[in-house]
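Those sequence lines, one after another, are chains P and D.
Position 10 of the first sequence, counting from 1, maps to 10 under our numbering, and the rest follow consecutively.
Position 68 of the second sequence, counting from 1, maps to 68 under our numbering, and the rest follow consecutively.
In case anyone wonders, no lab produced these hints; they're calculated from the structure.
One should not assume that every hint holds.
Here are the simulated BS3-like cross-link-like pairs (lysine-lysine), alpha carbons at most 25 Å apart as the crow flies [stated by the list, open to error]:
id, chain 1, residue 1, chain 2, residue 2
1, P, K20, P, K135
2, D, K9, P, K11
3, P, K218, P, K135
4, D, K9, D, K134
5, P, K218, D, K108
6, D, K9, D, K129
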Amino acid sequence: MSTVDMRLACKPADYRSDVKAIWCPGCGDYHVLMSFTRAFAELGLPPEDIVVVSGIGCSSRIPAYTNCYGFHGVHGRSLALAAGLKVTRPELTVVVASGDGDGYSIGGNHFLHACRRNIDMTYVVMDNRVYGMTKGQPSPTTEPEFDTALSPGGTGLRPFHPLVIALASGANFIARCFSGEPNETASVLVEAIRHPGFSFVEILSPCVTFRPDERAWKNLVHPAPVAATSDPAKAARRIMTDDGFNIGILYRGDRRPFQPAVGPPSVDMSELEKDFEL
Amino acid sequence: MTKAPGTPKISSLADLFAVAYQIEADAVDRYDLLADQMETHNNPELVSLFRDLARAEGIHRDEIRRLAGDIDVVAHARRLAAWGTGESPEQADLSGAHYMMTPWHALKLALAGEERALAFFVSVVGAAKDPAIKRMAEEFVEEEAEHVNLVQRLLRRYPEPPASWPNDPDPPVALE
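My request is simple: use the sequences and hints to build the entire structure.
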């Protein structure tokens with residue numbers, strides 16, 4: 001079936017698997033899942049041409065809930081897995097799902113180098129500013145005054161600023177979304193997937209169980225007042241000075257994606273294996 | 001003829017039936033999802049209430065299918081890609097869910113959905129030029145208005161819970 005035919009045939013439900021999604025009631029990740037399937041339907045991509053790769057955490061459950069190919073990988077290593085996949089199978093659409101703990105702490109170093117390499121894939125981080133799956137420890141994006149039984153007196157640490165880091169490291173597309181606006185998020189995801197190179201989409205996705213205060217995010221988010229820029233200096237100024245609730249595409253770069261030539265292996269694998277024989 | 005944001009164009013009776021069918025089908029899916037969530041979180045009263053709501057919407061969905069006669073509303077709705085990028089009006093708001101929510105909260109969510117569906121069909125009536133579409137849309141308006149009244153009557157059985165309703169006697173350790 002051609003892509004045009006698929007566009008006519010696919011509805012968001014066609015990208016959902018039969019696996020029941022399990023998150024807390026009210027969790028923003030339900031909406032993110034909807035945004036994924038709506039974006040895939042809008043792009044008209046056959047499910048078998050999409051791979052959703054994830055690490056560990058609540059947000060990383062997403063691959064199981066789609067009927068695309070999926071890889072629920074190692075904690076913090078989703079980008080490394082996805083990069084390997086994309087360079088060897090460039091015809092596939094690769095979307096990586098992560099959370100603020102998995103992506104910015106355990107996988108922080110991979111994040112920097114994925115931005116730098118600029119391989120054509122889309123990295124979606126569902127940021128709830130807490131480790132939800134392990135019951136509420138502070139994450140790299142948690143506010144310093146987050147005072148709980150698990151972080152008495154707060155962390156006192158300056159939060160990680162993922163969008164600034166992404167820009168400085170070379171990401172080619174940067175956006176911020178809010179899970180409670182699934183249609184707008186789906187539109188941004190469509191653009192992120194279409195944009196060549198490494199696209200980074202941070203989705204503010206409330207953890208209603210360990211951060212009930214985040215239910216108020218729906219009243220704080222607002223559309224970015226200016227259109228996306230392709231000037232990194234302008235983007236840096238905007239991202240550094242915004243209030244963290246500016247929603248929309250903030251930067252569209254024009255760097256050429258990194259795609260090494262892929263051909264048949266230059267070395268016979270059986271020859272290599274000989275060295276490891278016991 | 002009629003195009004609310006994110007909705008397919010309604011230019012025939014078949015379109016109207018398909019959209020009406022899809023609205024109810026989407027509502028069924030959403031209530032089932034909420035019931036599943038409550039099952040996972042051991043809130044049996046809400047499981048039963050959301051299943052009942054899903055069953056009620058399922059009856060409406062099947063009724064529309066019957067009303068549509070020879071029109072294959074399922075296939076037509078699929079071709080229209082109804083709510084492909086929009087939010088189906090009658091679907092309960094997922095972000096309003098909570099593992100300790102009460103029937104009052106569930107019915108408030110349901111009421112908001114019914115009111116959105118009512119507003120949608122009112123807008124279809126307002127925009128319709130074809131008398132047959134207008135007539136049928138008016139019937140849907142009456143139907144949705146009845147649903148709004150029904151949910152309001154159900155709500156009277158459940159007083160608004162005190163502000164302490166989300167206080168878990170065994171709270172997540174991070175919130176202790």
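Structure-based check of all given hints:
| no. | hint | in the structure |
| --- | --- | --- |
| 1 | P:K20 to P:K135 | holds (22 Å) |
| 2 | D:K9 to P:K11 | holds (17 Å) |
| 3 | P:K218 to P:K135 | holds (23 Å) |
| 4 | D:K9 to D:K134 | holds (14 Å) |
| 5 | P:K218 to D:K108 | holds (19 Å) |
| 6 | D:K9 to D:K129 | holds (13 Å) |
Violated hints are absent here; each numbered hint is respected by the structure.
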